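**Q** The listed protein sequences derive, respectively, from chains A and B. Each residue of the first sequence is one higher than the one before, starting from 8 at the first, in the working numbering. Each residue of the second sequence is one higher than the one before, starting from 21 at the first, in the working numbering.
Honestly, the hints are just simulated from the structure, not real lab data. What you are looking at is a predicted structure, and each value in this text was computed from that prediction instead of being measured. C-beta: ideal position from N, C-alpha, C; glycine also. Take these hints with a grain of salt, some might be off.
Stated by the list, open to error - Pair ranges (Cβ atoms, derived):
(1) B/L87 with A/I141: 15 to 25 Å
(2) B/E74 with A/T130: 38 to 48 Å
(3) A/T221 with B/A102: 43 to 53 Å
(4) B/S156 with A/L351: 25 to 35 Å
(5) B/T104 with A/R161: 57 to 67 Å
(6) A/G20 with B/S256: 32 to 42 Å
(7) A/R161 with B/R264: 29 to 39 Å
(8) B/G149 with A/A137: 57 to 67 Å
(9) B/S41 with A/T173: 32 to 42 Å
(10) A/L195 with B/A102: 50 to 60 Å
(11) B/G39 with A/E21: 17 to 27 Å
(12) B/S156 with A/W349: 46 to 56 Å
Unchecked claim - Where chain B lies over chain A, by a calculated footprint (3+ residues, C-beta under 8 Å):
(13) 26 to 32
(14) 69 to 79
(15) 134 to 144
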Amino acid sequence: MTGWSVLAGREAGEGDRSARARLAIAALCGLLVLVALFSLTAGASDVSVLSVLGGTVSERDRIIVYDIRLPRVLLGILIGAALAISGAVMQGLFRNPLADPGLVGVSAGAGLGAITMIVLGGTVMGPFVALAGIYALPLAAFIGGLITTMLLYRIATRRGQTSVATMLLAGIALGAMAGAFSGVLVYLADDRQLRDLTFWGLGSLAGATWTKITAAGPIIALSLAAAPFMARALNALALGEASAAHLGIPVQRFKNVAIVTVAAATGASVAVSGGIGFVGIVVPHLLRLLIGPDHRYLLPASALLGASLLLLADAVSRTIVAPTELPIGIVTAAVGAPFFLWILLRRRGILDL
Amino acid sequence: MIEVRNLSVSIGRKRIISGISFDAAAGNVTAIVGPNGSGKTTLLKALSGDLPYEGEVHINGAEISSLKPWQTASLRAVLPQATTLSFPFTVREIVSLGLSNGRTGALAGEEGRLPERALARVDLDGFAGRLYQELSGGEQQRVQLARVLCQVWSPVLAGVPRYLFLDEPVSSLDIKHQLIIMDIARDFAARGGGVIAILHDLNLTAMFADRVLVMHRGRMAAAGSPAEVLEDGLISRVFECRLRVGAVPPGTMPFVLPQSAGI
């Protein structure tokens, strides 16, 4: 009996990592609470959480916490969870630890959708904006991400087998195409739109408002809620599509659900916070080392750790050069890109599959 | 009972198998033999629901294309030729996937112990904690068989026979484990289930199969008991090399002696 299972109060058989996984999930819940409280305190202005909770603060500090930091922390949690879950689901779907919405062009496709809305929202896309209201931007990003994911799956998967090299190269091509169209739109943009695009494109939680949470929150919450129902199918899919079907999984229907979920989570995140990379690849990979690849535990653990890591990255981004702040996308790339290279070096064989 | 009537499969414009008809009864081990490229795996894939087909495939009286995935999964389990994984699952985690359809047929309290019992059946005692990716090819194949056994642990569930489809179950195994796996197939049939297995070894086929289907160039060249089917002329013609069939001294079990690659 290992120390882990003693702590979890349950005797685990050899090779059964579920007790360890449950314990890790409990610990990650605790971590998220701590990080969230820390985030509410940290920033250019010095406000203590305790004094906020105790209600013994000035009106100015109350505004800083409730109107600036709280929406930012909530948005960080939503987006961190969404990015990590969409990474984990995509990796399971493609049976490949290197699949990530940012790397294979899905974020770029979602970005194209968002840019279309920002630039053409007042003219050509006006009716769509009138119809969708505050949801126009996340919906457009979702549609862009969905089209890219479906194209990618069509190109990279043949008879249930995904070629890793094809997937990564097709992702580069799709990303470049989305980039080219986005470039055309940027060229058409006026000065005010250009400023919006620049702030958005750097990837940041800085513009967090309650409106953004209302716009992106429901879409992200839906995709997070869908995740537990995908765990069994993703586990079976690890054996390949044919074997998953033999185990009783409705594979084709499940793949459609998974693709829509990934596109929704990625699209909503990209719409409100721009390009924040590498969370989707780093978080599930770390957790597979810790608790194994069983998606029943990997998916919730990814959401929790993704949320915590993004909040930490955000805390770094707004304290390291205080009183101004660094876009969070720079922080996640600075940490995530070397980590990605490390995965590649450890598993050079992956690309030969 | 599995009933196949006038089954044909085309991939693109190419017809891979055509006009296949046979019955595979519960209680029997049915072997599919034939040279490489004769359509054995295509036939098994069509029976497993992996490929679109023309004709009819009935399992216990129901056309398989009319059943939902979980229904077919509760009637038959399929062992593929080889399975590679991209994620570091333990052996127990892989074998436990066989429980996920929820119709193993084991008693309620017993289900948690099935992975260990299945691993013991395939001679992998003590492997539950190992990482699948670090095992040899033969060991991986036996882990997959343990998973498949869990899925249809009781050969008969609620009075209905269930089936094992095995695609070259012994190809990567040493001789001891070939015998262990064939014993498992025999035992499954003896307890009322049905087994359809693609085999390359004609002597194992003679020892363990009740019926033999001989595939040749996408058609069924012969079907019958090993004693009926394994005769010099037929198998030499099908395998396109010279083979002699003898008989094991005391009984009637045929054995096949390779002679030369030419006819």
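**Q** Checked against the structure, which of the hints given earlier come out wrong?
**A** 1, 2, 5, 6, 7, 11, 12, 13, 14, 15
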